[in-house]
Amino acid sequence: ILPPENVHASLAKILKSSTATETNSCVGSLTTLDRDTWADIRNELISNSKNHASFRSIDDALFVLCLDDLKTEDHGRLVQSLLCGDDGHNRWFDKCFQLIIDGNGQATINFEHSWGDGVAVLRLMEETLLDTSTHHFVKPNQTVSGDPKVQKLEFEISDALKNKIKKAQEDHIDRCKDLQFATVEYTNMT
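First residue of the sequence shown: 1, per the UniProt record's numbering; consecutive thereafter.
Check before you lean on any hint, since a few could be wrong.
Heads up, simulated DSSO-like pairs for lysine-lysine below, C-alpha to C-alpha not over 30 angstroms straight-line [as the list claims (entries may be wrong)]:
# : residue 1 : residue 2
1 : Lys162    : Lys95
2 : Lys167    : Lys71
3 : Lys50     : Lys167
4 : Lys95     : Lys152
5 : Lys162    : Lys149
6 : Lys166    : Lys50
Keep in mind the hints are simulated off the structure, nothing from the lab. Here the structure is a predicted model, which means the values were calculated and not measured.
Kindly produce the complete structure, drawing on both the sequences and the hints.
Below you can see the structure in the form of structure tokens.
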């Protein structure tokens, strides 16, 4: 387990990084595909040793942290982004859950579940909220002092795979257009 200072330093390093992955190289978009198609493409990807090493890191992770740029006060738009991940380029739907932080610092999770999993994940998030509300390991404007423990995962992607990624993103956008969201905000509940 990394000390909070190292987590802080790692996140600071990621946020300061000016290298954004080209959208048509975002392998996570492929996790929006149906399971069989994704499994075939995954097998194709991991046949490359560099890709295999990156997949091993992802597979070994407990969850995925998604840092989104979206800043909106429109709750419907926020829900759509958090649930669907827009074109899926910043999601990895194969993980049990994804912790998603938007551009305004709002956090949520996207998780797969069976009938009993929701209760466990809700409990995890409630405990996390309680803990982070009472134990402030990092203060606003605190100087970064830890040792960053982060490295960029590299993939070797052919032009054919880039086309599959682009198609997966387009199809995901089309599927998500059929979803309708309504939000209700309750305030001052006791």
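Each hint tested on the structure:
1. Lys162 <-> Lys95: holds, 22 angstroms
2. Lys167 <-> Lys71: holds, 26 angstroms
3. Lys50 <-> Lys167: holds, 23 angstroms
4. Lys95 <-> Lys152: holds, 18 angstroms
5. Lys162 <-> Lys149: holds, 29 angstroms
6. Lys166 <-> Lys50: Measuring from Cα to Cα gives roughly 21 angstroms; hence the hint holds.
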